[in-house]
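**Student:** From first to last, the protein sequence lines are chains U and X. Numbering-wise (our numbering), the first sequence opens with residue 1 and increments by one. Numbering-wise (our numbering), the second sequence opens with residue 1001 and increments by one.
Please keep in mind that the hints were generated in silico from the structure rather than gathered at the bench. Where a beta carbon is used, it is the ideal one built from N, C-alpha and C, also for glycine. Mixed in with the good hints there might be a few duds.
For the chain X half of the interface with chain U, some residues (derived, Cβ under 8 Å), not all of them [unchecked claim]:
hint: 1; residue: Met1001
hint: 2; residue: Trp1006
hint: 3; residue: Glu1010
hint: 4; residue: Val1013
hint: 5; residue: Leu1045
hint: 6; residue: Ser1049
Residues per chain, in single letters:
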Amino acid sequence: MVSLDGVALLSDDRMEELLSIHAALDNLTALDPRKGKVFEMRYFGGMSLEGVADTLSVSTVTVERDWRMAKIWLRREMAPGAQNAT
Amino acid sequence: MRPERWAEIENIVHAAIDCAPEDRSSQLDRACGADTELRREVESLLSSSRETGFTGRSGFVDAMKILENHDVLRKQGRLIGAYRIVREIGRGGMGTVYQATRADDAFKKTVAIKIIRRGLDTDDTFSGFAVNGRFWRCWTTPTSRACWMPAARTTACLISSWSISMASRSTSSAVIASSA
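When you get a sec, could you build the whole thing from the sequences and use the hints?
**Tutor:** Listed below in structure tokens is the structure:
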């Protein structure tokens, strides 16, 4: 049993990140649907690189590259003052 | 942006990250040539690659933490992130709904938090749990299922919705959705 304090460990920043990511993810998916999917499965689904590769029928290397690029792109998209160039 | 352009940008970014730091500049010179717009875009992305974010725990891990602790929701005043449980709104065969408000008064926000019992988390459950007509996105794999609601389009509703993913080993799934 995890202690009750564990719930409060989810910081405000963390919560905001989880909440604000959806709009940015929509934009990524519009630009590159597979990267959007890879990010969803990894970040929200907690799936392994191999699991995502299996599900999408692509190589693990492809998933690895998509995951890296998706994180970079989303970080920029969610950065304060981002210009949302798509 | 054209897919070919995006693919080109992506390839250059990967190559730049993978090459030795001292070679990066000349590598970018070669790859971008006189295309200053391409160079600007690549460097903009490369600067984001040095920042942190999405690197530690996944959203999934936080979701699991909440789910493992979902019993605490029965107690008023408990916090989930920045939200404080106010009261139980309703209870049914599918699960329990709680009212919660923003705990830090950063802004006024009331949300509904719904805990759905494991075993009842079928597609129908989620598609039936539309709030204000917004869709849940769902997918299922042999080992997990995840559902969430996209954020509203307007900035005023930026912090308006959230759902929590779950895996088959969890005992329940939770959904946080805007009540307004």
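**Student:** Which constraints among the numbered hints does this structure fail? Numbers only, ascending.
**Tutor:** Every hint satisfied by this model.
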